[in-house]
Structure formats: structure tokens, C-alpha cells
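Engineer: Chains as they are written, first to last, in the working numbering: chain A, 1 to 114; chain B, 1 to 114.
For the record, the hints were derived by calculation from the structure and aren't laboratory data. Please read these numbers as outputs of a predicted model, since none were measured by experiment. Among the clues, some could well be false.
Claimed, not checked - Calculated lysine to any residue pairs in the SDA-like style (CA-CA distance at most 20 Å, straight line): (1) B:Lys3 with A:Gly41; (2) A:Lys60 with A:His74; (3) B:Lys71 with A:Ile101; (4) A:Lys60 with A:Val11; (5) B:Lys53 with A:Pro40; (6) A:Lys60 with A:Leu46; (7) B:Lys3 with A:Leu110; (8) B:Lys13 with B:Ser65; (9) A:Lys77 with A:Gly29; (10) A:Lys52 with B:Arg14; (11) B:Lys3 with A:His74; (12) B:Lys3 with A:Leu48; (13) B:Lys3 with A:Val11; (14) B:Lys3 with A:Met7.
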Amino acid sequence: GDSVTQMEGPVTLSEEAFLTINCTYTATGYPSLFWYVQYPGEGLQLLLKATKADDKGSNKGFEATYRKETTSFHLEKGSVQVSDSAVYFCALSDRGGGSYIPTFGRGTSLIVHP
Amino acid sequence: DVKVTQSSRYLVKRTGEKVFLECVQDMDHENMFWYRQDPGLGLRLIYFSYDVKMKEKGDIPEGYSVSREKKERFSLILESASTNQTSMYLCASNPSRSSNQPQHFGDGTRLSIL
Numbered sequence: 001g002d003s004v005t006q007m008e009g010p011v012t013l014s015e016e017a018f019l020t021i022n023c024t025y026t027a028t029g030y031p032s033l034f035w036y037v038q039y040p041g042e043g044l045q046l047l048l049k050a051t052k053a054d055d056k057g058s059n060k061g062f063e064a065t066y067r068k069e070t071t072s073f074h075l076e077k078g079s080v081q082v083s084d085s086a087v088y089f090c091a092l093s094d095r096g097g098g099s100y101i102p103t104f105g106r107g108t109s110l111i112v113h114p
Numbered sequence: 001d002v003k004v005t006q007s008s009r010y011l012v013k014r015t016g017e018k019v020f021l022e023c024v025q026d027m028d029h030e031n032m033f034w035y036r037q038d039p040g041l042g043l044r045l046i047y048f049s050y051d052v053k054m055k056e057k058g059d060i061p062e063g064y065s066v067s068r069e070k071k072e073r074f075s076l077i078l079e080s081a082s083t084n085q086t087s088m089y090l091c092a093s094n095p096s097r098s099s100n101q102p103q104h105f106g107d108g109t110r111l112s113i114l
């Protein structure tokens, strides 16, 4: 079946540092890929997405590129802020049995210090 | 914007009680989902529904049931609550089973079973 593997956290950075959160996937079909963010006390919200190979999703300074050859969708940001502290989830949506079923990674906690 | 509303942010119940968690979405989405979120385990799918009166088991349906009498409302039922069901419960929706669109999440219900 489909699966998503993302690096374990917590990831602890100083403000303005460069961020990478690794995400790799296995899928039987040709999935769409997503990054969600969960701020403390809230539900998940979509951060960015990509629907085909070599697509780059971007939002709020975050970027991720759909790499089919390495089955990866790593999240990057050039300069993190304290307000980026949250849990980040990588996810895919694949067409299995005629319906799109979402699969989530376990989440990576990011802590940014001033 | 899509709004997914969960009826309670915090809930405390006793072992053996029948517990109802309610979720309403306002965008005429076909699909609705219930997850539980636990530290280190990420999101685990309990049940989902593609249409009114339809339901499908997710990865961990044991001890839970669901009801979808109206398109906008999806209820999660703990038939006889147990302490191992203490968790954060998240409801989500997306447009249709043939779509790879992202999910929209509610803010979650933190349920404690004493």
C-alpha cells in the first residue's frame, strides 16, 4: 500500500536558519503530494501542494518539489521565523480502487528559537 | 473559504459512556473523514464517508462507529468509551472521491476518558 515517511523531530533551529524537512513516499499510482501545517491548538491546514513530477509548490516562503525519480517531496524554507514553529505533515493522495485515499506521514515538529 | 466545524474543542467523559463527536462542513463536500492524532503516531484514519448514509472503515475502526444522515454532517460515536480512546480527534472533508484535492480540517476535539 501507499506510505509516507518523513524525518523524525523535533527539528530545532534558530531564527533565520535554513530549514529542510525530508519526505519520501511509496505509491502504486501517480499521486498528488501535499504539505500541511498544524499550529498549536489547531487542526491541519494546507501549506502547499504539487500534482505532477517536477512541479514546485510554494507558499509563505516554503517550497517543495515533486521528484518522481527519487520519490521525494522535501520541504524547504530559506529563513525560518519563530512563528513557523508548528508540526508539519507530508501527505499524498493516490487513486486506489477508483477513489482518492489520503495517506499522511507521522509529522515533524519544528521549534524555532529567537 | 471552507469551514469545518467540530462541536467541542475539549470533552471529558467517563469509561463506558457513549460519546458523540459532531462535525459539520459548509461547502457541499462529498467526502468526510475522522482521524485520531496521537504523539508519535501521526494521523490515523478511523472512518470515512463518500456520501450520505455511506461509510467505509479506515485503519483503526474498532470501538468506533459513524453516522452520516445529512451531507454536511458526519458524527463519530464511541459506543462504550475506554481510556485508550483518550486522544485528539480531527474531522476533515474534501470535494469528491474522484478528486485529488486537499483536505480541509476542523480544529479538533481533545477527548479525555476518565
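Engineer: Checking against the hints above, which ones are violated?
Structural biologist: As far as the earlier hints go, 5, 7, 9, 10, 11, 13, 14 are violated by this structure, in ascending order.
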